[in-house]
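There are 2 protein chains.
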Amino acid sequence: MAEFRLHCFGESGNAYKVALMLQFCGLDWEPVKIDFFKGETRGTKFRQDVNEMGEAPVLEHKGKLLSQSGVILDYLACLTGKFGWANEDERREIYRWILFDNHKFTASIATLRYQVALMKQPESDVTKFLRGRVENAMKVVEAHLAHTDFIACGRMTIADLSLCGYLFYGEELPFDISPRVDAWCQKIRALPGWKHPYDLMPRALV
Amino acid sequence: MAEFRLHCFGESGNAYKVALMLQFCGLDWEPVKIDFFKGETRGTKFRQDVNEMGEAPVLEHKGKLLSQSGVILDYLACLTGKFGWANEDERREIYRWILFDNHKFTASIATLRYQVALMKQPESDVTKFLRGRVENAMKVVEAHLAHTDFIACGRMTIADLSLCGYLFYGEELPFDISPRVDAWCQKIRALPGWKHPYDLMPRALV
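From first to last, the protein sequence lines are chains L and H.
Quick note on numbering: the first sequence equals residues 3 to 208 in the working numbering.
Quick note on numbering: the second sequence equals residues 3 to 208 in the working numbering.
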């Protein structure tokens, strides 16, 4: 059994954030497939045994079960000394962007992609609403990247891993990635060990 | 001038999370009103001078400008030694709930209230969508509170302050607060220094 076990499924960009971190850090890990589209995360057993929040990903390490991608990235950064902070101001600057990601960026991108690309729902007032939120959040990141190469602290950190999680799904993304955001994604893609989500984790949707 | 200046407006539950922390910690602070409903946070000047994310709240302290309520709560907990963590596991447990709050709980509650109670929009597919998300997030917190008095670490922390932020707006909330969540809110309301959001911050909607 690998040292790290990531409860995940290929379609989850939140799980991918962690898979990519494990990958970039060269850690010994294996995916444990969650049958998301059959409702596994919403079931009583999953909530009792794995994650009361009913969400992927969950990282299993030395008997611990960690959830929330931001917290798992934090845990792995502290453990490996990679992509983390050098002081408390940096820690908070990194979390400022992870929180923005969770609240505005990933939150809208993931839900829009889920509805349009995975569930094949037609455009509606809800997708229009979500598109507005994706655009607003994208503009904030686009403007931010005008004066920095990476999201926080002037170097690659777990804030980059959090924000980029959903942006590597290519044709599944029902919106345009703006130019500086795209250039920043290409920098991450060029790092040693980078792999596409579906090459790191088993798909749950067949 | 007060030591802490909170750029805020009364209707913002995210600002209220920080106002309540400043209040419970007995700090010397004053509100600086943001004209949110006239578009102040969305303007170029605000984004350049105050917060590139275009959001309230922002805390001004000793020349620093801090944004994201979760990060400001973290900053104040470290500064005062109150409502924070005793070790790294506790820090991550607290952030696990702050992230859940930002992604699922506050995110859906704030947007639903904004549309229905503040903008007086009629019920629609979007409000129905948001209601579903509020219900799911509320169920997670309701189940969690079956076996603990507070959100994280078995005591009052900044995780409680994050999650409760929007729940004290009374009749403005277009949904029911579930029983255990309500009982937990009453415990927070009973703490010395508690005040209603509109008694701590100036309203922007007139």
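Misleading hints may appear alongside valid ones.
Intra- or inter-copy, both count: the list cannot distinguish identical chains.
Taking lysine to any residue pairs in the SDA-like style, the calculated list, with each CA pair at most 25 Å apart, reads [to be verified]:
#1 K141 <-> Y116
#2 K141 <-> V128
#3 K47 <-> A119
#4 K40 <-> F26
#5 K66 <-> D184
#6 K122 <-> N138
#7 K47 <-> N138
#8 K122 <-> Q50
#9 K130 <-> F177
#10 K40 <-> I179
#11 K130 <-> Y116
Bear in mind the hints are in silico, worked out from the structure with no lab data behind them.
Keep in mind it's a predicted model, so treat the numbers as computed, not measured.
Each hint, compared with the structure:
Taking the closest pair of Cα atoms, K141 and Y116 come within 25 Å of each other both inside a single copy (21 Å) and across two copies (22 Å). Taking identical chains as interchangeable, the C-alpha atoms of K141 and V128 lie at most 25 Å apart whether they share a chain (20 Å) or sit on different chains (23 Å). In the homo-oligomer, the alpha carbons of K47 and A119 never lie at most 25 Å apart, since the shortest distance is 28 Å inside one protomer and 37 Å across protomers. In this assembly of identical chains, K40 and F26 lie within 25 Å of each other by CA distance neither inside one copy nor across copies; the values are 30 Å within and 45 Å between.
In this assembly of identical chains, the alpha carbons of K66 and D184 never lie at most 25 Å apart, being 36 Å within a copy and 31 Å across copies at closest. With identical chains, the CA atoms of K122 and N138 are at most 25 Å apart both within one copy (23 Å) and between copies (22 Å). Proximity of K47 and N138 under a CA criterion of 25 Å is satisfied inter-copy only: 17 Å between copies versus 37 Å inside one chain copy. In this assembly of identical chains, K122 and Q50 lie within 25 Å of each other by CA distance neither inside one copy nor across copies; the values are 31 Å within and 39 Å between.
When the C-alpha separation of K130 and F177 is checked against a cutoff of 25 Å, the pair qualifies both within a copy, at 11 Å, and between copies, at 24 Å. With identical chains, the CA atoms of K40 and I179 are never at most 25 Å apart, being 30 Å at best within one copy and 29 Å at best between copies. For the homomeric pair K130 and Y116, the shortest alpha-carbon distances inside one copy (14 Å) and between copies (17 Å) are both at most 25 Å.
When the structure is compared with the earlier hints, violations turn up for hints 3, 4, 5, 8 and 10 and for no others.
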